[in-house]
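S.K.: Residues 1 to 91 (the numbering used here) are what the sequence shown spells out, left to right.
Think of the hints as simulated: they come from the structure by calculation, not from any bench.
Note that this is a predicted model, so its numbers are computed, not measured.
We treat Cβ as the ideally placed atom computed from N, Cα and C, and that holds for glycine.
Take these hints with a grain of salt, some might be off.
[As the list claims (entries may be wrong)] Straight-line alpha carbon distances no greater than 25 Å define the calculated SDA-like cross-link-like pairs of lysine to any residue that follow: (1) 39 to 49; (2) 73 to 44; (3) 39 to 84; (4) 39 to 80; (5) 39 to 51.
[As the list claims (entries may be wrong)] Cβ-Cβ distance ranges computed for the label pairs, FRET-style: (6) 84 to 50: 13 to 23 Å; (7) 52 to 80: 35 to 45 Å; (8) 49 to 76: 42 to 52 Å; (9) 84 to 47: 42 to 52 Å; (10) 51 to 73: 17 to 27 Å.
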Amino acid sequence: MNLFLEVLSFDPESGKYVREKYWYRRASPFCEDFVSYLKELYGDLASYPLDGILTQDDLYLGEWEDFGEWARKAFEEKSMVTVVSRVNGVD
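Construct the complete structure from the given sequences, taking the supplied hints into account.
M.R.: Here's what the structure looks like:
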C-alpha cells in the first residue's frame with residue numbers, strides 16, 4: 001500500500017493554509033512577519049507552566065539554506081551587493 005500524506009503549510013504571501021505535496025514550507029528567520037508571530041507565540045506559551053517545547057526542524061537552518069526572497073533582501077541590504085539569479089544555467 002502506498003500512502004502519501006499531504007502537509008498543511010501556511011503561506012505568508014496569501015495569508016492562507018495550503019497543501020504541500022512534496023515538502024513543507026520552512027520558516028525563514030529573515031521574514032519579519034514570521035519572527036513577530038514566533039515571538040508572540042512563545043510569549044503566549046511562557047504564560048503557562050510548561051516543562052518544555054518540542055519543535056520541528058524548521059526552526060533552524062541547514063548549511064544549504066536559506067536563500068529565499070527575504071534572505072536575499074537582507075543580504076543585499078547588509079552587504080550592498082545585488083544578487084542576480086541564474087536563469088537556465090546562464091550567469
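S.K.: Against each hint, give a clear statement of whether it holds in the structure.
M.R.: Here is how each hint holds up against the structure:
A hinted pair counts as satisfied when its Cα atoms are at most 25 Å apart, and residue 39 with residue 49 qualifies at roughly 18 Å. Pair hint residue 73 plus residue 44 does not hold up; C-alpha atoms about 30 Å apart against a cutoff of 25 Å. At roughly 32 Å between alpha-carbon atoms, residue 39 and residue 84 are farther apart than 25 Å, so this suggested pair is violated. Proximity of residue 39 to residue 80 is assessed by CA-CA distance (about 28 Å); at most 25 Å being required, the pair is judged violated.
Distance check on the hinted pair: residue 39 and residue 51 sit about 18 Å apart at the alpha-carbon level, within 25 Å; holds. For the pair residue 84 and residue 50, the beta carbons lie near 46 Å from each other, so the given range of 13 to 23 Å is not met. A hinted range of 35 to 45 Å holds for the C-beta pair residue 52 and residue 80, which are about 41 Å apart. A hinted range of 42 to 52 Å for the beta carbons of residue 49 and residue 76 is consistent with their spacing of about 44 Å.
The supplied range of 42 to 52 Å is met by residue 84 and residue 47, whose beta-carbon atoms lie about 46 Å from each other. At about 38 Å, the CB distance of residue 51 to residue 73 disagrees with the hint of 17 to 27 Å.
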